[in-house]
Amino acid sequence: MADIQTDFEDFFEQAICGYLLVDTNGVITRANSRIAVWMDTPAHELAGKRFSDLLSIGGRIYYETHLWPLLRMQGFFDEVALELAVKNKERMQVLANAYERRDENGIPQFVRVTIFKATDRRLYEQTLRHQKTIAENKLFDEQSVSALREQFIAVLGHDLRNPLSSIMAGSSMLSMITENEQERKIVITINHSARRMSEMIDQVMDFARGRLGSGMTINPQPTDIGPLLLHVVDEIRAAFPGRTIETSFDLMKPVDCDAPRIAQLVSNLIANALTHGLHNAPVYVRAYQKDDVFELSVSNSGNPIPAVLLEKIFHPFTREGSSPSQNGLGLGLYIASQVAIAHAGELRVLSNEQETRFTFQMTAGARR
Amino acid sequence: MSVLKRNNVTVQGKGTTPILFAHGFGCDQNMWRLVIPAFIDEYKIVLFDHVGAGNSELSAYDPEKYSLLDGYAADILEIVRELELRNIVFVGHSVAAMMGILAARQAPDLFSKLVLVGPSPCYINDGNYIGGFEKEQIEELLESLDTNHLGWSMTMAPVIMGNADRKELGEELANSFCRTDPAIARQFARTTFLSDTRDVIASVDIPTLILQCSQDVIAPQSVGEYLHERMPQSQLVIMKATGHCPNLSEPEETIAAVKAFL
Numbered sequence: 001m002a003d004i005q006t007d008f009e010d011f012f013e014q015a016i017c018g019y020l021l022v023d024t025n026g027v028i029t030r031a032n033s034r035i036a037v038w039m040d041t042p043a044h045e046l047a048g049k050r051f052s053d054l055l056s057i058g059g060r061i062y063y064e065t066h067l068w069p070l071l072r073m074q075g076f077f078d079e080v081a082l083e084l085a086v087k088n089k090e091r092m093q094v095l096a097n098a099y100e101r102r103d104e105n106g107i108p109q110f111v112r113v114t115i116f117k118a119t120d121r122r123l124y125e126q127t128l129r130h131q132k133t134i135a136e137n138k139l140f141d142e143q144s145v146s147a148l149r150e151q152f153i154a155v156l157g158h159d160l161r162n163p164l165s166s167i168m169a170g171s172s173m174l175s176m177i178t179e180n181e182q183e184r185k186i187v188i189t190i191n192h193s194a195r196r197m198s199e200m201i202d203q204v205m206d207f208a209r210g211r212l213g214s215g216m217t218i219n220p221q222p223t224d225i226g227p228l229l230l231h232v233v234d235e236i237r238a239a240f241p242g243r244t245i246e247t248s249f250d251l252m253k254p255v256d257c258d259a260p261r262i263a264q265l266v267s268n269l270i271a272n273a274l275t276h277g278l279h280n281a282p283v284y285v286r287a288y289q290k291d292d293v294f295e296l297s298v299s300n301s302g303n304p305i306p307a308v309l310l311e312k313i314f315h316p317f318t319r320e321g322s323s324p325s326q327n328g329l330g331l332g333l334y335i336a337s338q339v340a341i342a343h344a345g346e347l348r349v350l351s352n353e354q355e356t357r358f359t360f361q362m363t364a365g366a367r368r
Numbered sequence: 001m002s003v004l005k006r007n008n009v010t011v012q013g014k015g016t017t018p019i020l021f022a023h024g025f026g027c028d029q030n031m032w033r034l035v036i037p038a039f040i041d042e043y044k045i046v047l048f049d050h051v052g053a054g055n056s057e058l059s060a061y062d063p064e065k066y067s068l069l070d071g072y073a074a075d076i077l078e079i080v081r082e083l084e085l086r087n088i089v090f091v092g093h094s095v096a097a098m099m100g101i102l103a104a105r106q107a108p109d110l111f112s113k114l115v116l117v118g119p120s121p122c123y124i125n126d127g128n129y130i131g132g133f134e135k136e137q138i139e140e141l142l143e144s145l146d147t148n149h150l151g152w153s154m155t156m157a158p159v160i161m162g163n164a165d166r167k168e169l170g171e172e173l174a175n176s177f178c179r180t181d182p183a184i185a186r187q188f189a190r191t192t193f194l195s196d197t198r199d200v201i202a203s204v205d206i207p208t209l210i211l212q213c214s215q216d217v218i219a220p221q222s223v224g225e226y227l228h229e230r231m232p233q234s235q236l237v238i239m240k241a242t243g244h245c246p247n248l249s250e251p252e253e254t255i256a257a258v259k260a261f262l
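Residue numbers (this note's numbering), protein chains in the order written: chain A, 1 to 368; chain B, 1 to 262.
Simulated from the structure, these hints should not be mistaken for lab results.
Ideal Cβ placement from N, Cα and C applies to all residues, glycine included.
Treat the hints loosely; a few may be bogus.
As the list claims (entries may be wrong) - To spell it out: a stretch of chain B is covered by chain A in this simulated footprint if at least three of its residues, at any positions, have a beta carbon under 8 Å from a beta carbon of chain A; those stretches are:
| # | region |
| --- | --- |
| 1 | 20-26 |
| 2 | 30-37 |
| 3 | 245-251 |
Unchecked claim - Computed, partial: chain A to chain B, Cβ under 10 Å:
| # | residue |
| --- | --- |
| 4 | Asp53 |
| 5 | Met73 |
| 6 | Ala135 |
Stated by the list, open to error - Only pairs whose alpha carbons sit at most 35 Å apart, straight line, appear in this in silico DSBU-like list of lysine-lysine:
| # | chain 1 | residue 1 | chain 2 | residue 2 |
| --- | --- | --- | --- | --- |
| 7 | B | Lys135 | A | Lys49 |
| 8 | B | Lys65 | B | Lys135 |
| 9 | B | Lys113 | B | Lys259 |
| 10 | A | Lys87 | B | Lys135 |
| 11 | B | Lys240 | A | Lys132 |
| 12 | A | Lys49 | B | Lys65 |
| 13 | A | Lys138 | B | Lys65 |
| 14 | A | Lys132 | B | Lys135 |
| 15 | A | Lys49 | A | Lys87 |
| 16 | B | Lys240 | A | Lys89 |
| 17 | A | Lys89 | B | Lys135 |
| 18 | A | Lys87 | B | Lys240 |
Let the sequences and hints guide you as you build the complete structure.
Structure follows, in structure tokens:
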């Protein structure tokens, strides 16, 4: 047995892979018994054939046009998938490696080819490729459907605006001309409801657009932020006449930001504080700019936000268990956080027995 | 985009008479590396890569344009006009031989001689015409390309790129050989093996050398003879070289045959 172990003739013939010696013209000079068994052809009959004669038609053309030139120029090729054309039109999947043996002057002498059976391996690859195609098709379908949905939301939102505008304009006008106090109250309620609907539509459209593109795009300009904040606060005061909003600003220099978006962020935060905070306690809006940092916070008192809710507070459609009509769509804080991200800033929340505080922070100067 | 950049055109040599070498399906201008030193002193050597091969601009690949050999022939004429070449010797290997015929047919005045290395006007047998392949065989080839049955380029990339243990080859050299984008290789195979230019070969009346290899599985001898019979000013040389790439396997014999013709 020891003799056989060191017998290289036996090693060559009985190897678990196919061995071929091929001359520089591509003609087989010797084949081992392994490949003879695979090809179902005696080894001495394989000798004299071209190596490419052993391959399927695709492999033959591939070999003559790609592999052989590569072998000649590079001296080797590795791990190339080929198919042996076994008798009865069967195909056997293999991986082939080849190495050109050259003499001391670099002149090619012959080529060693090693062939590994790769049936399972190739099947595995094919399955993977098949699954990949299926996944890609599914993804494409999903994306198409989702794009269509978002488009639908955008179109619907847009088209709802005109009739709403006429409701708002009409109710404003009615509230001014009516003599009857009860009628006036009703039309003011109608007007407020329409305004709230309009805000919700804006949010939904922002949401749809945010998902359409790669997030939110902004147009940052040096902005005198104090007057902007005051304007937003005044608007909200008008809409919530019974409530108190306290402001405290320390703003010396302009902030490089997208003014309408920052206004939206503040407006959403204040509206959120008014909705969820204690109705008889003030909401505080504080803003300061120091060195290169702009920070804005909105706080209210009231029950702390439950931990479960706090975790996903900036996710879309997150709202407290109470009725939707009370709390809107649950998009306000999500949009605020998107505005923060678009400004390369950060929006944080802190909520305890004393207060609930949302803090927005960004670099005041030129953005990253 | 400049034509010269698009097709990675290189010009070298000390002579004035231009030789334009065109590579075939499967590799790039490197196919001519063993042949060009013999011509460099007396000719102006122009090499290029077809769009989609070698170091050409892949972004310029237009599936519709290159679905026919005429698209490639148009590129050849653009290169010729950009370099203002005249009196051109065109040497085309494999499918590029037919691209040269299509180009020469459109601008016969620009070409003085054609050298066709392993040419075939049609790879598929058709009645008395023996192209070397049955239709089913070509279909099997195209299908195995489509389903990636072969290592074509999906595994070609690692074969070419993964030379960590063979640093001595030089990264640049080993990486530039026969680089092909898998999708483009598939379409090039389709364009090549479904091409049929038998009806145009007779109309090219330019001195032509047909170099036919022995035992060429891509273009059998009968194809070389077919071309020779139909091209009025052609010579047929049956080479000792075997296979489909005599420019690599027997560069000396190839050089000698071309020089004798010129």
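Hint check results:
Three residues within the 8 Å Cβ limit are the bar, and the region 20-26 of chain B against chain A gives 3, so the coverage statement holds. Restraint check on the region 30-37 of chain B versus chain A: 3 residues with Cβ-Cβ distances below 8 Å, three needed, restraint holds. A stretch counts as covered by a chain when three or more of its residues have a beta carbon under 8 Å from one of that chain; for the region 245-251 of chain B and chain A the count is 3, and the coverage holds. The interface hint given for aspartate 53 of chain A holds, since its Cβ lies 8 Å from the closest Cβ of chain B, which is under the 10 Å cut-off.
Contact between methionine 73 of chain A and chain B, as hinted, is supported at the beta carbon level, the nearest pair being about 5 Å apart and thus within 10 Å. About 16 Å separates the beta-carbon of alanine 135 of chain A from the nearest beta-carbon of chain B, more than 10 Å, and the hint is not met. With a C-alpha separation of about 24 Å, the suggested pair lysine 135 of chain B and lysine 49 of chain A falls inside the 35 Å cut-off, and the hint holds. With a C-alpha separation of about 24 Å, the suggested pairing of lysine 65 of chain B with lysine 135 of chain B holds against the 35 Å cut-off.
A distance of roughly 12 Å separates the Cα atoms of lysine 113 of chain B and lysine 259 of chain B; the hinted pair therefore holds under the 35 Å criterion. For a cut-off of 35 Å, the pair hint linking lysine 87 of chain A to lysine 135 of chain B stands: about 20 Å separates their Cα positions. Simply put, lysine 240 of chain B and lysine 132 of chain A have alpha-carbon atoms about 47 Å apart, too far for the 35 Å limit, and the pair is violated. The suggested pairing of lysine 49 of chain A with lysine 65 of chain B is violated, with an alpha-carbon distance near 39 Å, which exceeds 35 Å.
Using a Cα cut-off of 35 Å, the hinted pair lysine 138 of chain A and lysine 65 of chain B holds, with the two alpha carbons roughly 31 Å apart. For the suggested pair lysine 132 of chain A and lysine 135 of chain B, the alpha carbons sit about 31 Å apart, so the restraint of at most 35 Å is met. Taking the CA atoms of lysine 49 of chain A and lysine 87 of chain A, the gap is about 15 Å. The hint holds against a cut of 35 Å. In summary, the hint linking lysine 240 of chain B to lysine 89 of chain A is supported, as the alpha carbons are separated by about 32 Å, within the 35 Å threshold.
A threshold of 35 Å between alpha carbons decides the hint, and for lysine 89 of chain A with lysine 135 of chain B the separation of about 16 Å falls inside it, so the pair holds. Distance hint between lysine 87 of chain A and lysine 240 of chain B is fulfilled; the C-alpha atoms sit about 30 Å from each other, no more than 35 Å.
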